[in-house]
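Asks: Below are the chains, spelled out letter by letter.
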Amino acid sequence: MIRHCVHISPNEVKVDGKALIHNDKGSTMLTELYRTYVGDYPKFFKMDTLSRVGFLASELLLNAEGNRCFEPREDRAVIFFNRNASLQADTHYQSTIQNPENYFPSPAAFVYTLPNIVTGEIAIRNKYFGETSFMIIDDFDEKIIMKNLENAFQDPITKSIIGGWVDCSDEEHFEADIFIMEKD
Amino acid sequence: MEEKIGGKRMIVKVSDNIISPLGTTSAENYAAVKAGMSALRRYDGLWGLPEPFFASLLDRKAYADDRQTIDEKIVIDSISKALEGTVIDTTWTKVLFIISTTKGNVFLLDERENGLPKERVRLGMMAREVTKHFCNPNEPIVVSNACISGVCAQIEAMRYLESGEYDYVIVCGVDVQSAFIVSGFQSFKALSQEACKPFDANRCGLNLGDAAATIIYTRKDKVNDNEWVACRGAIRNDANHISGPSRVGEGSYRALRVALGDLDPSELAFINAHGTATPYNDEMESIAIERAGLSSVPVNSLKGYYGHTMGAAGVLETIISMQAIDDHNILATRGFDTLGVTHHLDVTDQNRNTEKRVFIKLLSGFGGCNAALLMAKGGVQ
Chain F
27 MIRHCVHISP NEVKVDGKAL IHNDKGSTML TELYRTYVGD YPKFFKMDTL SRVGFLASEL
87 LLNAEGNRCF EPREDRAVIF FNRNASLQAD THYQSTIQNP ENYFPSPAAF VYTLPNIVTG
147 EIAIRNKYFG ETSFMIIDDF DEKIIMKNLE NAFQDPITKS IIGGWVDCSD EEHFEADIFI
207 MEKD
Chain V
17 MEEKIGGKRM IVKVSDNIIS PLGTTSAENY AAVKAGMSAL RRYDGLWGLP EPFFASLLDR
77 KAYADDRQTI DEKIVIDSIS KALEGTVIDT TWTKVLFIIS TTKGNVFLLD ERENGLPKER
137 VRLGMMAREV TKHFCNPNEP IVVSNACISG VCAQIEAMRY LESGEYDYVI VCGVDVQSAF
197 IVSGFQSFKA LSQEACKPFD ANRCGLNLGD AAATIIYTRK DKVNDNEWVA CRGAIRNDAN
257 HISGPSRVGE GSYRALRVAL GDLDPSELAF INAHGTATPY NDEMESIAIE RAGLSSVPVN
317 SLKGYYGHTM GAAGVLETII SMQAIDDHNI LATRGFDTLG VTHHLDVTDQ NRNTEKRVFI
377 KLLSGFGGCN AALLMAKGGV Q
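Protein sequence lines correspond, in order, to chains F and V.
If you read the first sequence in my numbering, its first letter stands for residue 27, the second for the next number, and so on.
If you read the second sequence in my numbering, its first letter stands for residue 17, the second for the next number, and so on.
The set of hints was computed from the structure by calculation and includes no laboratory data.
In this text, a Cβ means the ideal position worked out from N, Cα and C, and glycines have one as well.
Some hints here could point you the wrong way.
[Claimed, not checked] Below, in silico cross-link-like pairs of lysine-lysine (PhoX-like), each with a Cα-Cα straight-line distance of 25 Å or less:
1. K169/F to K205/V
2. K110/V to K69/F
3. K29/V to K236/V
4. K148/V to K173/F
5. K110/V to K205/V
6. K205/V to K72/F
7. K173/F to K72/F
8. K148/V to K69/F
9. K173/F to K205/V
[Said to hold, decoys possible] So the derived list for chain F, only partly shown, Cβ under 7 Å to chain V, looks like this:
10. F96
11. I123
12. S132
13. F136
14. E157
Make the full structure from the sequences, and use the hints.
Replies: Written out as structure tokens, the structure reads:
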């Protein structure tokens with residue numbers, strides 16, 4: 027069963043189908059959403075774009091669910107899909123090593139060159155000890171995603187999943203369509 | 017023939033393959049590992065990197081091609097070899113491909129690489145290159161969960177088979193090292209300047225390695241004593257830090273607990289740990305293994321033979337561990353001498369005989385993720 031859904035694109039944000047009002051677009055809109063709806067989690071500013079989009083979408087989703095308590099739990103999984111994996115972070119990291127005269131690789135940039143980091147960010151924020159997973163398919167396919175998430179309930183402990191599509195090709199192009207799926 | 021209690025279907029290994037610097041079949045690889053061989057060596061100035069590094073690398077020239085990348089080549093090669101002698105027709109709709117990789121064709125982002133289309137840096141495009149080769153009609157799934165991807169891909173395969181959606185799942189893990197990956201691990205100060213020493217008191221970091229490894233799984237109602245069964249797997253998060261393991265081994269302990277289920281730990285031949293030889297990883301695993309009540313179970317790591325093969329590691333290390341049990345052997349942990357973790361572990365310093373038929377494959381990765389998989393020859397009750 028699907029409970030609550032959040033959509034984020036560079037110029038539109040919807041929670042349970044209802045549009046949220048915002049002034050900015052693109053990457054500055056993400057910062058605006060953070061200041062308006064989160065505000066107390068400065069780690070946000072260290073994140074790459076994929077993690078920012080996934081993190082903000084999860085915050086809006088969990089606010090819609092209500093009763094946020096941040097108590098440790100193992101029965102909730104975070105499972106996302108996308109097309110571009112960590113391409114924005116990869117491109118950024120590559121720019122730090124491309125030129126031997128300007129070679130400055132850093133752990134802070136390298137760690138985000140893994141798409142599953144966003145699932146870890148959400149697990150850390152909410153103290154989720156459950157399953158976290160990230161998969162890539164080259165085109166959005168609702169049937170593949172829903173079937174995969176239903177399969178995830180074969181885990182003996184998983185009772186609900188924050189799941190869906192979180193994609194980003196560069197700082198200004200991103201999309202999140204995520205929801206909470208509960209075990210039938 | 018014995019039937020599993022409860023009549024539940026079992027997920028069974030059909031065949032496997034490893035392409036690595038130590039060989040191009042699972043048997044060749046196992047023989048090399050059993051003999052204590054490794055391709056780990058020092059590279060100076062390779063790919064224009066300012067610092068030298070130790071790694072286990074494939075001969076790039078042997079796989080050079082203007083149509084496919086080395087990642088695609090060795091995946092196709094590994095899957096082709098795993099398919100030999102099976103009845104599987106990859107054009108069937110009931111065959112699914114799952115690719116496990118962390119960085120795939122990331123080297124294509126380098127401005128100096130201009131031979132192949134840049135879109136192949138997308139992992140889904142790389143995977144489609146593979147399914148196109150095998151004329152498979154299904155969209156391939158790429159699992160990219162950092163260093164635990166290879167076990168996650170096997171867990172996904174088990175789920176797809178259990179649900180009945182597919183009859184065969186071909187799981188292939190791959191990663192090929194590049195300036196991108198090596199410079200990143202160097203920036204983390206995570207690389208050792210010599211062959212790595214898992215769980216050792218003098219361990220000082222990991223080595224990286226190239227490999228592709230394939231396991232094909234199917235679903236059966238009955239298995240015989242010699243068939244390998246993927247019994248249970250779990251993925252759990254530390255919820256602690258994106259680039260450092262939990263100080264209490266939280267996710268690894270929880271994954272182990274689910275994979276172990278109600279199995280008596282005395283049935284375990286060994287735990288094949290992640291054992292990267294970084295100070296934090298190996299310490300964390302010792303805590304998780306103790307918390308799970310498994311301190312008396314022999315532990316080994318294969319990183320001293322192959323380095324850390326990233327997306328391939330979970331598949332490759334599962335295959336080598338199955339080969340070891342088939343040979344009644346618990347493999348030595350190459351590079352290990354003196355225990356250097358605070359919680360007691362029985363780390364193997366040489367090959368040991370065993371008649372046990374069950375093992376656990378354990379992995380951890382960036383993003384706080386951990387995975388454990390229980391494999392049993394002939395299945396478990």
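Asks: Could you run down the list of hints and mark each one as holding or not?
Replies: Now for the hints, and whether the structure bears them out:
no., hint, verdict
1, K169/F to K205/V, "violated (42 Å)"
2, K110/V to K69/F, "violated (44 Å)"
3, K29/V to K236/V, "holds (10 Å)"
4, K148/V to K173/F, "holds (23 Å)"
5, K110/V to K205/V, "violated (45 Å)"
6, K205/V to K72/F, "holds (20 Å)"
7, K173/F to K72/F, "violated (33 Å)"
8, K148/V to K69/F, "violated (42 Å)"
9, K173/F to K205/V, "violated (40 Å)"
10, F96, "violated (10 Å)"
11, I123, "holds (5 Å)"
12, S132, "holds (6 Å)"
13, F136, "holds (4 Å)"
14, E157, "holds (4 Å)"
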